[in-house]
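*Asks:* The lines below spell out each chain.
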Amino acid sequence: MKIYKIEIENYRQYRGKHTVELSTDDAHNLTIFLGAMGAGKTNLLNAINWCLYGDEPSLEKTESELQQCIANEKELEDKGRVVVRVGIWMGIDQPEYFFEKTICISGSPAHHEEREKTWRAAYLEGSSWRTSSGLDWRDTTQFNNLVSDILPEGIRSFFFFDGERLDEFFRKGMEHEVRDAIIKVCQIELLDRCTNHLTSKSKEVRKGIKGVSPEIKRIDEEIKTLTSSKEGLEKEIEDLNKRITEATKNKDDVNEKLRKWTTTDVQELQRERDELEIEIEKLNKEIKNKEKEIRHHFASGVIFIFGFDALKNTHEMIDRRIKGVEQPPIPPDIKDKFLNDLLSRHRCICTTELREGSPQREAIEKLLKSVGSLSQISDDATEGYYKIANILEKSKKFKSERDKLEKEYQEMSKERVKKDQRLKEISERLKGIPIDEIQNLESLRDDFEDKIRECIADRAQKDLIVSTIKEKIKIKNVEFRKEIKKDEKQKKLRLKLELCENSLETLKEIKEKVVGEIREKVEQKFEEYFFNMHWKRGAFRDVKISDEYGTSVINNLGSECLGSISAGERQTLALSFMAALSSVSGFDAPIIIDTPLGRISGVPKEKIAASLPKYLENSQLTFLMTDQEFTPAVRDNMKERIGKEFELQYDEEEITTGIIEMKGGI
Amino acid sequence: MEGVVYMAKKEVNPVIWDEVEGYPMNEDVRAFLKELLLFERKHISEKSPRYSEEYDKSIEKCSEKMEESESE
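Those protein sequence lines, which keep their order, are chains X and C. For the first sequence, this note's numbering assigns the number 1 to the initial residue and increments by one for each residue that follows. For the second sequence, this note's numbering assigns the number 1001 to the initial residue and increments by one for each residue that follows.
Bear in mind the hints are in silico, worked out from the structure with no lab data behind them. Just so you know, not all the hints are guaranteed correct.
Stated by the list, open to error - Residues of chain X clear of chain C, computed beta-carbon distances all greater than 12 angstroms: (1) TRP89; (2) SER213; (3) GLN267; (4) HIS315; (5) ILE465; (6) ALA633.
As the list claims (entries may be wrong) - Okay, derived cross-link-like pairs now, DSBU-like style, lysine-lysine, Cα gap no bigger than 35 angstroms in a straight line: (7) C:LYS1057 with X:LYS489; (8) X:LYS207 with X:LYS508; (9) X:LYS257 with X:LYS451; (10) X:LYS292 with X:LYS217; (11) X:LYS217 with C:LYS1065; (12) X:LYS470 with C:LYS1061; (13) X:LYS508 with C:LYS1034; (14) C:LYS1057 with X:LYS644; (15) C:LYS1057 with X:LYS492; (16) X:LYS203 with C:LYS1061; (17) X:LYS536 with X:LYS235; (18) C:LYS1065 with X:LYS476; (19) C:LYS1034 with X:LYS184; (20) C:LYS1047 with X:LYS521; (21) X:LYS418 with X:LYS257; (22) X:LYS525 with X:LYS513; (23) C:LYS1047 with X:LYS511; (24) X:LYS184 with X:LYS536; (25) X:LYS230 with C:LYS1061; (26) X:LYS235 with X:LYS224; (27) X:LYS407 with X:LYS544; (28) C:LYS1047 with X:LYS525; (29) C:LYS1061 with X:LYS485; (30) X:LYS288 with X:LYS474; (31) C:LYS1047 with X:LYS312; (32) X:LYS290 with X:LYS424; (33) C:LYS1034 with X:LYS230; (34) X:LYS462 with X:LYS230; (35) X:LYS663 with X:LYS607.
To be verified - To be clear about the criterion: a stretch of chain C counts as covered by chain X if any three or more of its residues have a C-beta under 8 angstroms from a C-beta of chain X, and this derived list gives those stretches: (36) 1011-1017; (37) 1020-1026.
Heads up, the beta-carbon is just placed ideally off N, CA and C, and yes, glycines get one too.
Let the hints inform the model, and build the full structure from the sequences given.
*Replies:* Here it is in structure tokens:
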């Protein structure tokens, strides 16, 4: 999906009518708008947002800007009445959608009044346009639905964004942002919405089942009671999650204040605490994994733990009997086939003749009789002897492995205690600084930490109860359907209920698979893009998105370093994430980035310039750049992808920006 | 503006759509789930879409098919 044409009329610094046709060539998917600060780059993005979504999210919300008139001030001053209009044509292979919003403003820039607000939306069906329009912005449902087909409002910030603000995305405590982005942009919320709506329908269907047997009524009541306790607990968990997020944010605000404190001792202590917290988080994960490893090791070695003494005694006993130091001995390992052979050949291996009736022959015949049952015992004893020896050998290895694992676990635990202790010392030292504000901040921080801890413990307990209740409900539902199947009158309702419940179960399973798959795909692309765009080769080892959607960047020493990377690196990380997300999103929408390379300098800038359009090659890209960003070297690296270049020329006297296409390049 | 529905189908994330296509389940249920997903995709920008009537229609249609199969 591409933007073919934008028409802007009297919107902010765009006085009069301006028409821009973006590059729609797949091989040259990049359009550049170059402009100095204040020339109108951000307002071009605002105009698009204003037309499609009715707001201007990139506008700094300062009081003066909020009071500012959306109409071009010079035009309003001259004419006293101005129609502001933005129209956008979009489509895949040709313009197939048209969106337009207008507003009439009268008065002066200082005292203005908004009058008629109109909208128009159209789409191409076959060769004719189907149009809807309205004279009021209060009901723009049809307009919004058509926009939503292309890019729903909730996710547009992942396609139209300010590059300089991107780095906030990967600050500590913003895990929920990453999670929300994946859920929204990859449409996982569609599955959630289906689930919620179907659950309500399932309840309605169940209510509709009347005149049933007392047994069905009883089961139904039980399900209702269980469901209502589950829902109550889920609400409490949701509330706890909100409280955890709020307390984490508050704690991070305190950290930020300490990080920026005027004296270096406070700054350093806070920095040390930041690093310690990251290390503890990593250590906690490692401890958890080690616990799992130990549990697994124990489970695989149950035989060694409980059977060791018995096996050892058996082995020693067989050994003594083989050696003949204990009675009865292990029967000789003589096979009956061997004795039968000797008897049939009438000669022993020592060449003695075994004549019929001779004492030698009788001796062998006697041996043959006893060997019939004993040779098997001898075989078993020998086989068992070696098998047990093998197990005992393995059990020694099991023990040494167990000792090794336990030692590692102990060391990790000691390390954690040491780090926890250091955290306490840092807190005590901060509290000991004779400045009231620091002491207050530190005690506030303690309160937030206590709150987080309490909520997490409470949530874990409730989670456990909810999963037990869910299991019970599942069993009761099976009972319910089994009972209702007996009643032919309820067949229709029963089938509806079965449909809802089976679909809910399937949706749940599909969601589990899809969430994992999407997370893996985003992570894979994220890592690939980041490593290709990043300029310090070898500085980082890994970029990961955990199952809980936490992001971690591992440096070459193996330590987590997300909290300590530079703003430029964070921006690169965020650009890589956005590129990864859009490639897995399922939305075919154009991408517009305001100041994409704003915080990145020198060589890194050129590297990103070369890579980013390549990674987003399947999307139409528009970069709004300053001349500090769009250097000759950057242009050179992007030139293969550039389809069109425009310069925004601002005339201060006329308070207007002209959009000039630079055919031969800027 | 009824015709906009045709756009929605290709806009459901292929990862989700393919999973629904390939997941082992009754074909009637598959068609039912696809209808629901398309409905939700169409109304993704609305916080509380009026889903009830649409869901009722889909449930009715699919359960009738199930009833026919059960009678056979």
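*Asks:* So if I understand the rule, the pair passes when the alpha-carbon distance is 35 angstroms or less; does X:LYS217 with C:LYS1065 pass?
*Replies:* Roughly 28 angstroms separates the two Cα atoms, so the pair holds.
*Asks:* Next pair to validate is C:LYS1047 with X:LYS511; report whether the Cα-Cα distance is within 35 angstroms.
*Replies:* 21 angstroms, holds
*Asks:* Please check whether the beta-carbon of X:GLN267 is more than 12 angstroms away from every beta-carbon in chain C.
*Replies:* 44 angstroms, holds
*Asks:* Need the status of pair X:LYS207, X:LYS508: alpha-carbon distance at most 35 angstroms?
*Replies:* Status holds; Cα separation ~23 angstroms.
*Asks:* X:LYS508 and C:LYS1034: Cα distance at most 35 angstroms?
*Replies:* Satisfied, since the Cα-Cα distance of roughly 15 angstroms is no more than 35 angstroms.
*Asks:* Could you check that no beta carbon of chain C comes within 12 angstroms of the beta carbon of X:ILE465?
*Replies:* 29 angstroms, holds
*Asks:* Holds or violated: X:LYS525 with X:LYS513, Cα cutoff 35 angstroms?
*Replies:* 19 angstroms, holds
*Asks:* Count the residues of the region 1020-1026 of chain C whose CB lies closer than 8 angstroms to any CB of chain X, then report whether that count reaches three.
*Replies:* Coverage by chain X holds here, the residue count being 4 at a Cβ distance below 8 angstroms.
*Asks:* Keeping to a limit of 35 angstroms between CA atoms, is the pair of X:LYS536 and X:LYS235 held or broken?
*Replies:* Not OK: X:LYS536 and X:LYS235 at ~47 angstroms, beyond 35 angstroms, violated.
*Asks:* With the threshold set at 35 angstroms, check whether the alpha-carbon distance from X:LYS288 to X:LYS474 stays at or below it.
*Replies:* This hinted pair holds, its Cα atoms lying about 31 angstroms apart.
*Asks:* Is C:LYS1061 within 35 angstroms of X:LYS485, Cα to Cα?
*Replies:* 20 angstroms, holds
*Asks:* X:LYS407 and X:LYS544 were given as a pair; does the straight-line alpha-carbon distance stay at or below 35 angstroms?
*Replies:* 28 angstroms, holds
When held up to the earlier numbered hints, the structure conflicts with 10, 14, 17, 31 and fits the remainder.
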